[in-house]
Amino acid sequence: MRNEFINNLYQSDLTKTASNIKNVNYYLNKSVLVTGATGLVGSYTVETLVKLNDLFNLNINIFAVGRNMKRLRHRFENLKESQVNFIEFDINSKVLELPDINIDVIIHAASAANPKMFEKDPVGTLLTNVESTSKLLFWAHQRNVEKFIFISSGEVYGQLQSKYVPFEESTLGFIDTMNSRSSYPVAKRTAETLCVSFMKQYGLETMIVRPSHLFGPNFTKEDNRVSAQFFRDVIRHENILIKSSGGQLRSYCYISDAVSGLLTVVSSGNTGEAYNITNTENAISMLDFAKKIASEAGQIVESEGRRQNVGNETPITLAVLSDNKLKSLGWKPLYDIDKGINHTYLIMNS
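In full-length UniProt numbering, the protein residues as written are 1 to 350.
In case anyone wonders, no lab produced these hints; they're calculated from the structure.
Just to be clear, a hint being listed does not mean it is correct.
[What the hints assert, rightly or not] Distance ranges between label pairs, derived from CB positions:
1) 247 / 174: 18 to 28 Å
2) 300 / 97: 49 to 59 Å
3) 88 / 221: 15 to 25 Å
4) 85 / 303: 39 to 49 Å
5) 74 / 163: 40 to 50 Å
6) 224 / 285: 16 to 26 Å
7) 239 / 203: 50 to 60 Å
[As the list claims (entries may be wrong)] Straight-line C-alpha distance at most 27 Å; calculated DSS-like pairs for lysine-lysine:
8) 30 / 200
9) 70 / 200
10) 16 / 243
11) 221 / 80
In this text, a Cβ means the ideal position worked out from N, Cα and C, and glycines have one as well.
Use the sequences and the hints to build the structure in full.
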């Protein structure tokens with residue numbers, strides 16, 4: 001059994017996550033299906049739903065969807081089989097072949113979100129994100145699903161001037177459609193429009209969440225975002241090596257706050273709208289974020305050394321999202337940047 005997921009600190013974070021969700025009674029007797037269930041957001045969402053059942057006796061029927069049953073069972077080996085239903089299914093195949101089950105809420109967290117693939121396979125990145133969402137929306141409509149929640153991305157904001165910081169949900173900037181790196185944010189924008197179009201044309205209640213830069217101890221081995229790379233470096237007792245000035249300004253959010261925010265949107269948000277999932281106060285440069293992680297582990301940040309392929313880098317230098325709309329639902333973040341980094345390091349190092 002993986003130590004980090006039975007770690008007392010990890011379990012304590014899950015309890016805080018569940019306790020920070022507003023209007024938890026919404027979930028009473030609901031059937032919730034989570035795609036991308038072994039990913040950063042999906043896995044923590046599944047575990048939080050289990051914790052909601054434990055704490056509040058809500059009788060949530062949880063369905064965790066992943067492409068590989070062995071991987072699903074390995075990721076959630078700390079859970080009892082009675083706590084979650086595993087479904088092995090590739091969301092890119094025919095969605096109508098999903099089991100004959102009644103679902104109240106779909107949380108679509110599966111995504112082609114590998115930065116390296118934005119450069120190597122931009123066609124696959126774009127089509128996978130759009131087509132999988134389209135097929136799942138049709139399935140949800142045909143099955144009379146109550147709510148469909150699409151996990152989008154803060155990258156949909158594109159390039160905006162500093163006067164717009166922090167980015168409100170109603171403000172969108174420039175995305176260069178002639179750059180193949182744009183395959184990911186363009187796909188997310190398109191999928192958002194698909195969601196609201198299904199609501200208008202078919203009456204399917206959809207909601208959109210736009211996570212900022214998320215981090216936590218449950219990222220996957222395949223996760224090659226810089227935050228995951230930074231933590232891997234220090235866990236190996238290595239200095240963090242960066243390939244740029246690190247001046248990109250971003251709002252970071254610990255996974256516990258991200259999922260309590262997500263599930264608050266599901267229970268209390270307005271359908272047909274988008275919500276940022278972030279902690280605006282955690283806005284720092286990538287370099288300072290790296291320094292905080294390195295300091296936690298007694299390491300340093302180096303700007304020269306191992307070089308990485310720069311082709312998958314986003315041209316966006318400002319990515320600070322506003323949490324005002326999310327806070328208007330009664331939610332508030334519990335983890336500042338230092339606490340989130342500390343918990344991530346301690347849990348991973350257990």
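Hint-by-hint comparison with the structure:
no. : hint                  : verdict
1   : 247 / 174: 18 to 28 Å : holds (19 Å)
2   : 300 / 97: 49 to 59 Å  : holds (51 Å)
3   : 88 / 221: 15 to 25 Å  : holds (19 Å)
4   : 85 / 303: 39 to 49 Å  : holds (48 Å)
5   : 74 / 163: 40 to 50 Å  : holds (47 Å)
6   : 224 / 285: 16 to 26 Å : holds (20 Å)
7   : 239 / 203: 50 to 60 Å : holds (55 Å)
8   : 30 / 200              : holds (24 Å)
9   : 70 / 200              : violated (39 Å)
10  : 16 / 243              : violated (36 Å)
11  : 221 / 80              : holds (24 Å)
The earlier numbered hints that this structure contradicts are 9 and 10.
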